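Sequences are here, hints too, so could you generate the full structure?
Protein sequence lines, in the order shown, are assigned to chains S, F and V.
Those letters in the first sequence? Residues 1 to 333, per the numbering used here, in order.
Those letters in the second sequence? Residues 1001 to 1333, per the numbering used here, in order.
Those letters in the third sequence? Residues 2001 to 2333, per the numbering used here, in order.
Source of the hints: derived by calculation from the structure; they are not laboratory data.
Computed from a predicted structure; not experimentally measured.
A few of these clues could be false.
In silico DSS-like pairs for lysine-lysine, Cα to Cα no more than 25 Å straight-line [said to hold, decoys possible]:
no.	chain 1	residue 1	chain 2	residue 2
1	V	Lys2327	S	Lys87
2	F	Lys1327	V	Lys2327
3	F	Lys1278	F	Lys1172
4	F	Lys1087	F	Lys1278
5	S	Lys87	V	Lys2087
6	F	Lys1087	V	Lys2087
7	S	Lys278	S	Lys87
8	F	Lys1087	S	Lys87
9	V	Lys2278	V	Lys2172
Here's the letter readout for the chains.
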Amino acid sequence: MNSAEPIERLTDEASLQLDERGHLCHLLTLKGLERPLMTEILDDAENYLTAPGDLPARSRSMVGRTVANLFFEPSTRTRASFDLAGKRLGADVLNLDVNTSSRKKGESILDTIYTLEAMQVDVMVVRDASAGVPAYIARHVQPHVSILNAGESDVSHPTQGLLDVLTIRQHKGIFENLAVAIVGDIRHSRVAMSAAQALTTLGVGELRLISPPVMAPDPDAVPGARIMDNLGDGLEDADVVMALRIQRERIGNLDGIPGIDEYFANFGISHESMKRAKPDAIVMHPGPMNRGIEIEGSLADGPNSVITQQVTNGVAVRMAVLDRVSKTMATRN
Amino acid sequence: MNSAEPIERLTDEASLQLDERGHLCHLLTLKGLERPLMTEILDDAENYLTAPGDLPARSRSMVGRTVANLFFEPSTRTRASFDLAGKRLGADVLNLDVNTSSRKKGESILDTIYTLEAMQVDVMVVRDASAGVPAYIARHVQPHVSILNAGESDVSHPTQGLLDVLTIRQHKGIFENLAVAIVGDIRHSRVAMSAAQALTTLGVGELRLISPPVMAPDPDAVPGARIMDNLGDGLEDADVVMALRIQRERIGNLDGIPGIDEYFANFGISHESMKRAKPDAIVMHPGPMNRGIEIEGSLADGPNSVITQQVTNGVAVRMAVLDRVSKTMATRN
Amino acid sequence: MNSAEPIERLTDEASLQLDERGHLCHLLTLKGLERPLMTEILDDAENYLTAPGDLPARSRSMVGRTVANLFFEPSTRTRASFDLAGKRLGADVLNLDVNTSSRKKGESILDTIYTLEAMQVDVMVVRDASAGVPAYIARHVQPHVSILNAGESDVSHPTQGLLDVLTIRQHKGIFENLAVAIVGDIRHSRVAMSAAQALTTLGVGELRLISPPVMAPDPDAVPGARIMDNLGDGLEDADVVMALRIQRERIGNLDGIPGIDEYFANFGISHESMKRAKPDAIVMHPGPMNRGIEIEGSLADGPNSVITQQVTNGVAVRMAVLDRVSKTMATRN
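Below, the structure written as structure tokens:
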């Protein structure tokens, strides 16, 4: 789904992820996920955090349940994060590399889903390069199966959005007075879309989406956001600066898209460009980073960077979501 | 092994899978597996079934044991089914993608087996594109190691055969009065061979193998079966109709093999062709399906279809077989 | 790191793997690992051995901990060995095939490491084709994370060295009077380097490194070893003969490197060449074997071969090392 699609479909998707009691049964999008529920998920996630060097949080709440990681696009970090989240809750985790097998045999995506459902998989974690796939699957599974969107085309990446706002909340507390700048290829970024939706729901003071003009979002993609093409102005007094991963294959290959050096000079988050932000501004990146392109390496490793904390929060958020949808399903029967 | 090979070898293989007490220690073929033992396995499998939406059946009977999935051909569903079956019995499961590693280094298949044996793997689940490999391995492993055939060339796929007859038994009870039609590329189908062997053992009333002439089996491949090349006649009053997956790469590429449209028109299982079968005939398919080629999509999703039930039964049958061979090995020492 | 590098770096690496109390916190190299500690690890490993046909040894000592297998080079046996070792100690094991994902996205190796660290991975098992990578990583991880070298370029493969000396100790007891011959491409063999270091530490009587001249090590690579180019002389009265895997791609392709037949005739370990060794000499190979090139198949399967025992010892050694570094980390906080 992209911003050009009809609004019912969006509403539909948001309501599809709640059951008749308003409990979360799928996680498809952050658009339309209401603030109290989002806050509860973040609170749950905080309970899964432990001190560095301590053993990770664990529970037995998913013993007997099965989580399938169904990644139609390659991924290391998100797949590993869901894998560990499932295992640490006691679930059996099935990792399916769907590129190399079923799709080669021409099986339809729904037949793959029905097969996993018939194997009594409880939660399917889905990453796909096509828009609309997670919701499409959620509309077709049986009522006791949960679908979690682990990255959907350019559209959304809701667990990433949640870990981003959790990280911001840990450092900044409340959202109302914050200026958050997201910098990069906004138009093609599911990370930016989900972060923007979560921030809007949580009442962020000001949201700035900064990119070269060809990478700017549609004007109505994020209501209330400021679309900007000057990095310095965009970072002015910002509390939070999030650099997006640039797709190397896009760089320099299309009209109006700058080369690497030019990109870094104009849109790279660096010690230099951060001078315009507040001194205690935090620096974020969803990873994997292209150091020296969208972010200066020493900044990523510096004291204002919260990039590894985002990763830690990612496991916690996924545990919170897995546990929550499992509880929804368990109390539905 | 195919039907042209000497009968001793077949006898040999059937006896190889039983120990001196007649207990199952490997599952290599359904040919020669006697009816009481086959029935016991099906009964065990039924105990591993739970109601839809309930948690899957689990036990701790394989705690401390190791199952290795050794797939020399790619597979999603059979691999996943064995993976979950092992995990739900408490086993440690090792998934080896052998294409991309050992074979690249030129290691012989027996050296791979000896290595796994030395790592104290208890059960090796083997899929291979060459005939005879599972039995060859079974002849070479130590007496406490079990080999399960998870798909052997065009020869056999015994857990698939078991899940097929379990599904039929659930719907039709006894086999003696049933007319079962298997439709497709019989000649190259390990699924058809194992289903035919299981049905014959269980005393099926009539077994019809229906295909274009170039895909017909050798006349003596399935003693007692009717080899037919007309779909309508083949489905007449059938109780069970099983469509086989067509290999797209075979379609239209060889003399006498029809194109896709012609194949569907003449051999596709559809609402239209099913009119000749009994009204309560069940429709089966081993998956993954080519909708619109060997089976009409809406039929596969319709009330007479038992295709997803086959998948569920597949996990249960594999749990039953894993548990059984483990018990055989445990009582052998 | 190779033998041409400065000695401080070696010293550094050896000391890097011990904490301030002298406890093992990483396993990077056997060079400089002192005899009492090496002996303790071998003793621990023996406690993880069980009789053939018995269930493998298990413990719950790593419950709650996470082991990540991070293989930047393909591997079946070492990866499987660490996977089982971790699972049999109760750890959660994450298998990452890094070729096909992160590196495709251009992520730096340290960013991958920081990501895993942030996911609270406790032990990272690293195989890499570049020298120095395990130590480089160990220098950068947080103090509660352990790095285990699972094969480093041509430089070292310490768990392999440990399993080799454990196997020798089981058969020959003490090292002082032994003549050990290692045969093959010594120059490019991390297996030879680690075995030689372990044997030297344990006080082996005589160590012979036998190869065609172009495959001979640098003269100072293994102090005290005899570098030989005649197989017959090298095997004379040997107690232990270890054949190395030959890289097929090297054979016959470079000046001075013999073809396959010539290699087997001159450097192949065979019943014939073993006549020069002691009658009770044991035959070793790290696997995977090229039968008929570096070793005669029937000798590998014969009574003097301890090759599968090496594999069994490999799991035990890895359990001992995993357990030890986990205990070091647990008592550090």
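**Non-conforming hints, listed in increasing numerical order** = Per hint list: 2, 4 and 7 violated.
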